[in-house]
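Throw the hints in and build the complete structure from the sequences for me.
Number of protein chains: 2
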Amino acid sequence: MSAARPSLDVLFRPAAVAILGASDNPDRISGRPLRYLREGGFAGAIYPVNPNRSMVQGLPSYPSVAALPTAPDVALLAVPAEATEQAVRDCVARGVKAAVIFSAGYAESDAGGTALQDRIAAIAAAGGMRLLGPNCLGACNARIGFFATFTQSFDRGVPGPGPVAIVSQSGAYGSHLAYLVRQRGLGASYWITTGNEADIDVPEALEWMVRQDEVGVILAYVEGVRDGARLVAALRAARAARKPVVMMKVGRSAVGALAAQSHTASLAGADEVYDAVFRQFGVHRATTTEEQVDIAYACARGLYPRSPRLALVTLSGGVGVQMSDAADRHGLEVTAMPAASQAELKALLPYAAVGNPVDTTAQALNDMGLMARNLEVILEAGIYDALIGFFSTVPATRTLSGPLRDAITQATARFPDRLMVLSMAADREVVRSYEERGFLVFEDVDRAVAAVAALHRFAVAFERDAPAAGAAAASLPLGAAALSEYAAKRLLAAAGVSVPVETLAHSAAEAVAAAAAIDGPVAMKLVSAAIAHKTEIGGVILGVVGADAVRAAYATLLARAAQHRPDAALDGVLVTPMADKGVEVIVGVTRDPVFGPVLMFGLGGIFVEVFKDVTFRLAPVDLAEAQRMIGEVRGRAMLAGARGAPPADVDALAAALVRISQIAHRHRDHLESLEINPLLVLPQGRGVLVLDALVQPRQAVALAAPPPSN
Amino acid sequence: MSAARPSLDVLFRPAAVAILGASDNPDRISGRPLRYLREGGFAGAIYPVNPNRSMVQGLPSYPSVAALPTAPDVALLAVPAEATEQAVRDCVARGVKAAVIFSAGYAESDAGGTALQDRIAAIAAAGGMRLLGPNCLGACNARIGFFATFTQSFDRGVPGPGPVAIVSQSGAYGSHLAYLVRQRGLGASYWITTGNEADIDVPEALEWMVRQDEVGVILAYVEGVRDGARLVAALRAARAARKPVVMMKVGRSAVGALAAQSHTASLAGADEVYDAVFRQFGVHRATTTEEQVDIAYACARGLYPRSPRLALVTLSGGVGVQMSDAADRHGLEVTAMPAASQAELKALLPYAAVGNPVDTTAQALNDMGLMARNLEVILEAGIYDALIGFFSTVPATRTLSGPLRDAITQATARFPDRLMVLSMAADREVVRSYEERGFLVFEDVDRAVAAVAALHRFAVAFERDAPAAGAAAASLPLGAAALSEYAAKRLLAAAGVSVPVETLAHSAAEAVAAAAAIDGPVAMKLVSAAIAHKTEIGGVILGVVGADAVRAAYATLLARAAQHRPDAALDGVLVTPMADKGVEVIVGVTRDPVFGPVLMFGLGGIFVEVFKDVTFRLAPVDLAEAQRMIGEVRGRAMLAGARGAPPADVDALAAALVRISQIAHRHRDHLESLEINPLLVLPQGRGVLVLDALVQPRQAVALAAPPPSN
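First to last, the protein sequences are chains A and B.
Under the working numbering, the letters of the first sequence match residues 270 to 979, in that order.
Under the working numbering, the letters of the second sequence match residues 270 to 979, in that order.
Some hints here could point you the wrong way.
You can't tell identical chains apart in this list, so a pair holds if it fits in one copy or across any two.
[Stated by the list, open to error] Once the Cα atoms are required to be at most 25 angstroms apart in a straight line, the calculated SDA-like pairs of lysine to any residue come out as:
1) Lys850 - Ala777
2) Lys850 - Arg495
3) Lys850 - Thr681
4) Lys366 - Glu779
5) Lys881 - Arg598
6) Lys881 - Arg903
7) Lys615 - Glu351
8) Lys615 - Ala777
9) Lys615 - Thr383
10) Lys850 - Val879
11) Lys366 - Gly571
12) Lys850 - Ala498
13) Lys850 - Glu878
14) Lys366 - Gln679
15) Lys615 - Asp379
16) Lys850 - Arg912
17) Lys881 - Gly910
18) Lys366 - Ala824
19) Lys615 - Ser378
20) Lys850 - Asp920
21) Lys615 - Ala831
22) Lys881 - Arg912
23) Lys615 - Asp891
In short, the hints are calculated from the structure, not lab data.
This is the structure:
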């Protein structure tokens, strides 16, 4: 069925639109869509459907959908929930291709509403008609003046076309964004709010936006998505097309997540998993709406600095320091000017600081030719893809505003591929006059630096290899029961993750033989799939030396098992070398209900237990992604050789993360969780060792204990 | 001399002003001060001094200071550096009370400039004349139209009077702030830029601002101060007067600190120490200029919510989630509405979410009486000091803007002491019409939440006891040499910080006797003031049991000392019980060149070595401040009893921090550093124990090894 359904083209590019329940009052909710369509100059046919009137806002009105002169591509349903089911039937019968349902009272409200929404969705699907909503604010295509919405935020004017696209689950948030984007002087060609997502959802809309040539940056808002794979596919497409996605995902905090539950009918994955997905696919996750709009504004310029090196020019030494602090905070590098450039600058401006930041002091304003040449020298140095200049309120000064603008324009004319950002305070018209020369303008220096940093991160994400995609082959079964440590280690060893040379002994004699083959003392452990936490019952004995001690330990372990877990089937006793020195890390896999298998990495002990210092990615990952995971945890200094220890084998660790992620993908439908705790990372060149592992197949979960916590 | 010098009253409230070097061109740097004084309506006498003209900008000009009809209170020196020394002499001779020196070319430039600045300062001091600058942009008192500055940021209008005061070392930053504050609709009564601070500095100006009744909030900018005690006194006065200080201190990052060095002649203390001072005295340290202005704006309202509980009202569930996330991030509590209030709200708005956030949905806009009643119910609940309402672009809507404003006004009329914050997007005039009703307005919800959080932190800082002030008694000497572990422990024990019951043995026989008196195995350590890092030479032997072993260990320790440090004078061998189980923390004291003794606290091991998880305060601290320090480190969970350990004796730890800080204060001029590493925090009720300690007197530093690192 889904293969046959029409693309969103039918929604965004209709030739004719019907408005069911259209009001004659252009200020009323049910009157606004018609008003906006006409204000926007929509050139297609507009059919108000209102049995009580012959004219609506000056257009002839029709008594029913059936009575329309042609089949409209899109029908806007401005009718109450109780009238919607019949309206949808009427639309299907008339051959409408997409219906937009504004009303509330469906899955977001109660069980009756959910049933109604399901019925409507089924009717539309069977009739090949797409649905937007219910409980949404509609969609727009500003390029053709198609404003299918009743949002009050267009009251003072509809958005103009431009490089921005907006995709939002929340109608209110989407409307708010549209207003802010317009205030910022940006055009938004496409806008969609998906509401309850009975059919069209954010991932599909996002992917459609990616395919539109005019779209340069996509702003998205989600509380949670139901189809993780589709979101991943859309984000993958966006990255491949070098189209930045700037995401507001709410519900980050526990209290926020609670509020989200009361608000949305979505089954939201854990926030950390969304965070991982966004990082993996180069999405910028905005913390604030202001940040989201700032970055949209910066992206609309279309220049993504590949180098983290940032040139800073300032009229004020103090603000130069402030900008340096900001660059450090946002991960950019305030690399010093090359010596030749410094000498040239010093000759121009003897009072200036010429390293970086370049502090021209206010004296440079006395001769704008000098100011221009100063900027040219910095750009000629050739090591900066981006320059931020702090010009304070000079552009607001009557005598200096024009000359400064001309000087900067002249200096940058030969460098159209460099990002020029001005931090300045002035009235809106003055700012616009600078923006028209191709400069980004931010009043606040920190916001300027943050925007450049975001553009640079996009450049890095666009340049790197496509995130790993697992083979499409079927998921492999794991059996029904939890795997014992021994079985889990076999699974890992078969996938190329090193485990100790160890023996599963089934008798004291076998244990003695196994220990004799090992150099030095051994550790002995009970092995039973039914005993997940063997240390709690004394199921591990360390530092055993000599045949007698091995025999005694074997007996002790069996006695403890018999005492504490007489029910548990024993596989035997594992005889294994005592662990070498190294850094203990934890690697885990959990199954997210939305996104599937998720790989977790962190350092062991207090790093994970006290600091929650872990990072996540969707499985599988490639080597570069694994290296990024390792680089993200705060405890990474431990791997570099903290406290006098030798550097650990980070390359082997990264390779192990890749292999474990591949296991997770291969068994994706059958694996509930996998935890290696600890994975020992040995000194450089010596690899890693799985010291303990636990695997819970998905089927076994309902029967056995809950999976180990991460 | 300093006792006799006039207060800043002479600078800010002159009856007559002279402008040396005044230009006839009002757009030139040397013409602007006169222009601004006249635009500001300064009612005092204005004397241009310019030997080349008889009239300057329409006022009679004088050939020299000597020729002025009366002695001006303030002289503005718009003359080049080389003419300044004579001008200062002339001003002193004429009885000028304060001179403002705009020109650059002094201590910030080279040794010759430094010498010139020193001469000028000496001439002024000897003549009882105050100096502002050099290399500054002057000062203003908007209440009397006194604009003694050539900043170009007043080009489009001078600031009006109001509750804000601005104190800045940087003229450019101060000017920029003044512009932004005015754009935000705020008045700034007083404004001063201190430049090179040959005389008047930021601390003195700050303290003067605190004493002005009209001042409600002080914005400050520093790169570093020379007189830490004076800054502390000013901040103490501000807190006592309940006047919030919002500080921009640049040079936070290493790269920023480097840039600051190239910019300023100040001897800046370590950034962490400034951070500690600001925390201790309730100063808000802003990270961005936008944040600084936001908080000034919020403070100008004069309401400081004492409770962290925040009521959230929203038209959009999604933004409600976003606000909840923001509240969590900024440390506010989104406490649920009382049950009775929830029931009342539900009866009013059946579709609303009524817990907190209260999501009225856009339906509440259909009946503004309902909206008003809804807000009233929330305020009547009586548990919130602050409410943030998200109204999106509704106030920008023609038909709804006025009615919504009236509804909110009506609802809040009975609650003048509650802080009402609106997050909304609309044109400047609409925003102003809401602000006039007493509401704070922020376009961005995150900035609204951040501002409320800052106001709440001010309330907490204003309410708490005054930060501890050490006795004024003289600093006690410590002797010239570093203290041995044993001597350091005696010093700590005498001050009431517990040390183990241990013996300094001077012979094997004494060691045996000491060990016999201790229950269980003992630790034995070499004691020598000359051996700071005894573990490096094997100077510690643990777990010694029995007389023979004690004797052998004694001999071994002496042999090791003889082998590795034959030069070191030995005090003996310390015989001490093996340490109990507990949490190891580090407590240190260092001497900051600007602020004096600084107390450091952190958890031991990787917490300090890998995570740099430490916090600082000026010594001394009181118990509440010590508890706040403990609450600030990320590793605090270890003290609460992480990983199955019992909770540690945090009260005893806090008491120990207080006592150590008192030692630091008592020896403040003679102590270079003190480090207790580790201090063992035993389980609750059992106190703390100093396991090792090192004290470096200040005199000894040049002779001995560098102090232990923190």
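Now for the hints, and whether the structure bears them out:
no. : hint            : verdict
1   : Lys850 - Ala777 : neither (28 angstroms within a copy, 37 angstroms between copies)
2   : Lys850 - Arg495 : neither (45 angstroms within a copy, 50 angstroms between copies)
3   : Lys850 - Thr681 : neither (57 angstroms within a copy, 66 angstroms between copies)
4   : Lys366 - Glu779 : neither (73 angstroms within a copy, 99 angstroms between copies)
5   : Lys881 - Arg598 : both (22 angstroms within a copy, 17 angstroms between copies)
6   : Lys881 - Arg903 : both (10 angstroms within a copy, 11 angstroms between copies)
7   : Lys615 - Glu351 : between (76 angstroms within a copy, 22 angstroms between copies)
8   : Lys615 - Ala777 : neither (82 angstroms within a copy, 71 angstroms between copies)
9   : Lys615 - Thr383 : between (72 angstroms within a copy, 21 angstroms between copies)
10  : Lys850 - Val879 : both (23 angstroms within a copy, 19 angstroms between copies)
11  : Lys366 - Gly571 : neither (35 angstroms within a copy, 58 angstroms between copies)
12  : Lys850 - Ala498 : neither (41 angstroms within a copy, 50 angstroms between copies)
13  : Lys850 - Glu878 : both (21 angstroms within a copy, 19 angstroms between copies)
14  : Lys366 - Gln679 : neither (53 angstroms within a copy, 48 angstroms between copies)
15  : Lys615 - Asp379 : between (72 angstroms within a copy, 16 angstroms between copies)
16  : Lys850 - Arg912 : both (13 angstroms within a copy, 22 angstroms between copies)
17  : Lys881 - Gly910 : both (21 angstroms within a copy, 16 angstroms between copies)
18  : Lys366 - Ala824 : neither (75 angstroms within a copy, 96 angstroms between copies)
19  : Lys615 - Ser378 : between (69 angstroms within a copy, 14 angstroms between copies)
20  : Lys850 - Asp920 : within (17 angstroms within a copy, 37 angstroms between copies)
21  : Lys615 - Ala831 : neither (83 angstroms within a copy, 59 angstroms between copies)
22  : Lys881 - Arg912 : both (21 angstroms within a copy, 13 angstroms between copies)
23  : Lys615 - Asp891 : neither (48 angstroms within a copy, 52 angstroms between copies)
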